[in-house]
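Asks: Starting from the known structure of chain A, arrange chain B on it as the hints suggest.
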Amino acid sequence: MKRRLEDDLARLAFGDVSPEVAAKLEQSAQLDPDAVKTLATYRTIRDGLKTLGEVPEEQLSKERLREAILSRGIKHEQEVEAPTRWTQWLWLPAMACVAGLVFVNLPKTGPKETQVVAMTDGKTLSKLHVDEGAFRLKPEISSVDKSVANSAVVPPVPAATSAPLPAQANTVALSDSRGSRERTRGTASRHGNRDGFMQAAWERTVQSLVKDGLTANVSFSGSSDYVAMNGSRTAAKKKASGSVAPMSRDAMADKSDTTYVEIGSGQDAETGSRPAQELESTNNDPTSG
Amino acid sequence: MVERSLLRLGASVSGRVELDTDGSLVKRAREGEYGAFEELFERHRTLVYRFAYQMTNSRDDAEDVVQEAFVRAYQNLHRYRDEAKFTTWILRIVSNLCTDRARSSHRRTSLEQQEAAGALDWMTIGTYDDPVSNLEEDRRKVALRKALAALPVHHRSVIVLRDIEEKEYPEIAGILGCTVGGAKLRVLRARRALKERITPLLGEELK
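Residue numbers (our numbering), protein chains in the order written: chain A, 1 to 289; chain B, 1 to 207.
In case anyone wonders, no lab produced these hints; they're calculated from the structure. Incorrect hints may have been included.
[As the list claims (entries may be wrong)] Calculated pairs, SDA-like style, for lysine to any residue (alpha carbon to alpha carbon, straight line, at most 25 Å):
| hint | chain 1 | residue 1 | chain 2 | residue 2 |
| --- | --- | --- | --- | --- |
| 1 | B | K184 | A | R72 |
| 2 | A | K24 | A | R4 |
| 3 | A | K2 | B | K27 |
| 4 | B | K27 | A | R72 |
[What the hints assert, rightly or not] Just the calculated beta-carbon pair ranges, DEER-fashion:
| hint | chain 1 | residue 1 | chain 2 | residue 2 | range |
| --- | --- | --- | --- | --- | --- |
| 5 | B | L135 | A | R43 | 18 to 28 Å |
| 6 | B | G177 | A | G100 | 41 to 51 Å |
| 7 | B | D60 | A | V102 | 53 to 63 Å |
| 8 | A | P93 | B | R192 | 48 to 58 Å |
| 9 | A | V98 | B | C178 | 19 to 29 Å |
| 10 | A | S18 | B | R103 | 33 to 43 Å |
| 11 | A | C97 | B | D61 | 52 to 62 Å |
| 12 | A | F103 | B | G177 | 41 to 51 Å |
| 13 | B | E42 | A | E54 | 14 to 24 Å |
| 14 | A | V98 | B | E83 | 33 to 43 Å |
Where a beta carbon is used, it is the ideal one built from N, C-alpha and C, also for glycine.
Just chain A, same shape as in the assembly:
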């Protein structure tokens, strides 16, 4: 039997067709024994299903439902209106924007550019840039022109650091790339460093010796207890407490072309600078201050 005819017979048996269609289907079904049998089966099912409508009496009660609700701990309250779809995802970019604004407007605590000015005979020679966050100073002075250094382009230096130094000011010895050296006195001023250790070191240390036409390559490593001057000299300084920086001799020996300078704890009354003394040098060139 075709599926379509069977469906029509099912509709006929369950009364889902109009009387006209029902009459036509009845007539056509009489000609086909299978259709008659199918129609009888569907009518038996229909009558049987109607008898299934009897159900035993239920024993539900309001008290039972209330107990079920209470046992679940469900408190039906006026629920907050469910967020619409656009509000469900909009808070993400909104929060990102807020976070970005907060980040931009935060007080700058990261690397800060600071000036260190080295003096020779009371004159400003160069302006150094200090990376405060990394405690590393890379002045990157390839050459210093004295005329430029003496010009008014250099920002004003605090009087305490730009004044001519007395004899016992902190001294740092440097060498130029040609191996010559010269002693000098100077002060360095460093602004903006909030680290007490570095502040004490930087405020009182003479940083460079630069002569006309010479090349200086000076860097300071503030993450250790040493002020390292790469190139030809490295200065070792004392901690603020006065103890000697704990660097082993072996470690020093590994630095084949390095000179270590100890910076004393005493301070100059006028400038606040500390004396420096060479600890070891690979080329036996004395450097002291």
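Replies: Here is chain B on its own, set in the frame of chain A:
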């Protein structure tokens, strides 16, 4: 309360019962009035129980389903859309619950349980005046119950709704979440599936 009583009085006088519609009861229940929800329960629990019983074929299971359905309804009253009928919504919850139960209990139904149910049927049927005819009728009913219970839940639900509870197609469509045409098609397929299952059981009688 006084205002509500007056409004009810006014509604009864004017012939309108707007406050007692399912929608108004749902609204009051949403606002925290638990009595309104209890009124909804009292109003529709028999209807819901009948459907649940036809789906589970067990009074205890049906009561559990009804209780669970009303608990979930109470829990999700804020999701109820006012344009839908409450009965449609609650029957849909029952249908979903029955589907879940059928999935979870399908593997648990053992042969021993089925045999025990058969023995119980043998002991409890046949209490009418004409034992022979009653036996035939009961045998047909039992066969139909078995065939109906063996149907997949989606077929069973539409047979129950249309041919046992005699719901109209639009309401069935609302409960099933489909169109009226889709409901008609589902009913047709379910009847066909039921016929295929019951024919072996009623073979002698049909011949």
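Asks: Next, verify each hint and record whether it holds.
Replies: Checked hints:
{"no.": "1", "hint": "B/K184 <-> A/R72", "in the structure": "violated (38 Å)"}
{"no.": "2", "hint": "A/K24 <-> A/R4", "in the structure": "holds (15 Å)"}
{"no.": "3", "hint": "A/K2 <-> B/K27", "in the structure": "violated (52 Å)"}
{"no.": "4", "hint": "B/K27 <-> A/R72", "in the structure": "holds (22 Å)"}
{"no.": "5", "hint": "B/L135 <-> A/R43: 18 to 28 Å", "in the structure": "holds (21 Å)"}
{"no.": "6", "hint": "B/G177 <-> A/G100: 41 to 51 Å", "in the structure": "holds (44 Å)"}
{"no.": "7", "hint": "B/D60 <-> A/V102: 53 to 63 Å", "in the structure": "holds (60 Å)"}
{"no.": "8", "hint": "A/P93 <-> B/R192: 48 to 58 Å", "in the structure": "holds (53 Å)"}
{"no.": "9", "hint": "A/V98 <-> B/C178: 19 to 29 Å", "in the structure": "violated (45 Å)"}
{"no.": "10", "hint": "A/S18 <-> B/R103: 33 to 43 Å", "in the structure": "holds (39 Å)"}
{"no.": "11", "hint": "A/C97 <-> B/D61: 52 to 62 Å", "in the structure": "holds (54 Å)"}
{"no.": "12", "hint": "A/F103 <-> B/G177: 41 to 51 Å", "in the structure": "holds (48 Å)"}
{"no.": "13", "hint": "B/E42 <-> A/E54: 14 to 24 Å", "in the structure": "holds (22 Å)"}
{"no.": "14", "hint": "A/V98 <-> B/E83: 33 to 43 Å", "in the structure": "holds (39 Å)"}
Hints 1, 3, 9, counting from the list given before, are not met by this structure.
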